[in-house]
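S.K.: This is what each chain is made of:
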Amino acid sequence: MPRGFAHGNVFRKLGGHQRRLKLLKILVNALIKNERIETTFTKAHETQKYIHRLIDIAKQSTNDAYTKDMVGYWADDDSNKRKLFSVLVPRFAEHSGKYTRIAMLPTWHIKDIDDHKKMAVLELKGNPLPPLPVKEDNPHTLQNVLITAAKNDWKAAKNIQSESSN
Amino acid sequence: MNDYSREQLIIFSFSDAWVFLNRYCCIIMSTRILTPAVRCLNYHGTETVNIISMRCRNVLKRFSSSFVQPKRPTLKSDGSKTSFVPGREDPKLFSSEYIPPLVRPEWHRNKLKYRLERMDCLRRRNVVNIPEFYPGSILAVTVYDPHAAGQKSRFVGRCLYRDGFGLGCKFLLRNIVEGEGIEIVYQLYSPVMLKYEVLRLEKWLDTDLRYLRDADPDYCTISFDMPAEAPLPPTEELPVFKGKVKMKKFELWNFNYHKAWPRPYNAYLEEYFVEEDFMEQKVMQEKRGHGHLQYDICKHYDTRQMKEEITKEMKLNQKRIEAVDKKIS
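Sequence order for the protein chains is G and P.
Residues in the first sequence are numbered consecutively from 1, following the working numbering.
Residues in the second sequence are numbered consecutively from 1, following the working numbering.
Source of the hints: derived by calculation from the structure; they are not laboratory data.
Some hints could be false.
[As the list claims (entries may be wrong)] Cut-off 30 Å, straight-line C-alpha distance, at most; resulting in silico cross-link-like pairs (DSSO-like, lysine-lysine):
1) G:K68 - P:K170
2) G:K13 - P:K282
3) G:K13 - P:K259
4) P:K170 - P:K203
5) P:K287 - G:K22
6) P:K244 - P:K299
7) G:K22 - G:K118
8) P:K312 - G:K98
[Stated by the list, open to error] Partial pick of chain P residues on the chain G-facing surface, computed with a CB cut under 10 Å:
9) D216
10) E229
11) P233
12) T235
13) K287
14) Q294
15) K299
16) H300
17) D302
18) R304
19) Q305
Cβ atoms here follow ideal geometry from the backbone N, Cα and C, with glycine treated the same way.
The task is simple: from the sequences and hints, build the whole structure.
M.R.: Given below as structure tokens:
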């Protein structure tokens, strides 16, 4: 586990509670609008968590007070709200889990200050932009072939079990 | 935990007397007409409930000419014992202590341990009847006490909160006895607990009522001879109490309840303040309070989908326990 994430603290501080929420709100809205943004790695990692949770909330699509409050706060613009429900939810309907991808960029070195910004790109999966040059695992190596076969076997066994129990 | 299961206010329906919530009639009615057996606390600024006897119906007819008697409420009883309204299931199958605690990161959650603990809770519930109760309801508890007369001791109080998971579930009872406030924390599943009686079943919007320590002492003074009120059948929905409690002066508070999260709904926290003090309190709330948790979706604990799974599991557990008992006997 990365240092600083011990004792169950899974979230970064990012300058205080109120500031952190405002910053994340801006980033989440930008992501929904542009589908690909460029920030520091830490901010991208945090927005990933919030976007996953937001899309899970929107997927349930109940007329709860809870969903209305949360979507009303996080998807600020009307256009963003519409995009969430009409574009993103059907896109990720069968997709369970991670809806975003992070790719690292070369660090920005600023000469005068001793600052090394670790920049990253955060994008929603299935976006219409040209694909990022991210190195994905080679599915044809022996290990990956065996792993996919094992996964499929396990899924099939689970389906048989659930069908028999039903 | 912010409770988003706030239900709509439901019409009070008692089978024995007919009740109406018309404010106009309540203002006209004086307290002489209310029978002594029926007294309700008038919560400030909210609707009041007056159960009216036969004598009053004539008085009513005089004052309101176009009054139509409301229909007698019909209970949704199917005739079967196992019919429950969705909000009030059998506490053996689903209770608030069956929901596992929020542990981060995810791989620290031991699901096997939670399942085993719920099974043990069911075993204990098969021996002792633990009724359903919520924070705000009045309980009487008999406990095994080796030094007391008859090896038992009884305590009556209002439940202020209910905390913990599984066998470690605790609840706090508060009562003001001879001018002295007494609070006792009991563990639901301890073998020392002999008997539970729910004297009055209430459900408040807040789940944490510790601000009643600094509120009007009327809410927590309960006589030990209080008789148990008529139990509400599980086919009826339990009305949620949405009134507001009158607090003592701000200088006498032991805790700054403005900082509390979730913010108490059932209390008037800002009634007696001057506007300048109010602005100070607001600034304190924003800086040191936990208002940021309201919209922090990652830190919320979503338990809406757990109810079905847990009830399924507990039904299976009940069958397993019965099978094992049959084998032994």
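S.K.: Give a verdict on every hint.
M.R.: Results of checking the hints against the structure:
Proximity of G:K68 to P:K170 is assessed by CA-CA distance (about 34 Å); at most 30 Å being required, the pair is judged violated. A hinted pair counts as satisfied when its Cα atoms are at most 30 Å apart, and G:K13 with P:K282 qualifies at roughly 23 Å. The straight-line distance between the Cα atoms of G:K13 and P:K259 is roughly 20 Å, inside the 30 Å bound, and the hint therefore holds. For the suggested pair P:K170 and P:K203, the alpha carbons sit about 18 Å apart, so the restraint of at most 30 Å is met.
Between the alpha carbons of P:K287 and G:K22 the distance comes to roughly 15 Å, so the proposed pair stays at or under 30 Å and holds. Our distance criterion of 30 Å between C-alpha atoms is met by P:K244 and P:K299, whose separation comes to about 28 Å. Annotation: proposed proximity of G:K22 to G:K118 holds, straight-line Cα distance about 21 Å (limit 30 Å). Using a Cα cut-off of 30 Å, the hinted pair P:K312 and G:K98 holds, with the two alpha carbons roughly 29 Å apart.
With a cut of 10 Å, the hint placing P:D216 at the interface with chain G is violated, because the nearest CB-to-CB distance is about 30 Å. The restraint placing P:E229 at the interface with chain G is violated, with a minimum CB-CB distance near 31 Å, outside the 10 Å limit. For the restraint placing P:P233 at the interface with chain G, the shortest Cβ-Cβ distance is roughly 28 Å, beyond the 10 Å limit, so the hint is violated. Because the beta carbon of P:T235 sits about 25 Å from the nearest beta carbon in chain G, more than 10 Å, this interface hint is broken.
For P:K287, the suggested interface contact is upheld, since its CB lies about 9 Å from the closest CB of chain G, less than 10 Å. Interface hint status for P:Q294: upheld, as the beta-carbon distance to the closest one in chain G is roughly 8 Å, under 10 Å. A distance limit of 10 Å between C-beta atoms decides the matter here; for P:K299 the minimum to chain G is near 8 Å, and the interface restraint holds. This hint holds: P:H300 has a C-beta 8 Å from the nearest C-beta of chain G, less than the 10 Å allowed.
Look at P:D302: its Cβ gets to within about 8 Å of chain G, closer than 10 Å, so that hint holds up. Hint on P:R304 holds. Least Cβ distance to chain G is approximately 8 Å, under the 10 Å limit. Annotation: P:Q305 was flagged as interfacial toward chain G, and the flag holds, the nearest CB pair being 9 Å apart, inside 10 Å.
Going through the hint list in order, the structure does not satisfy hints 1, 9, 10, 11 and 12.
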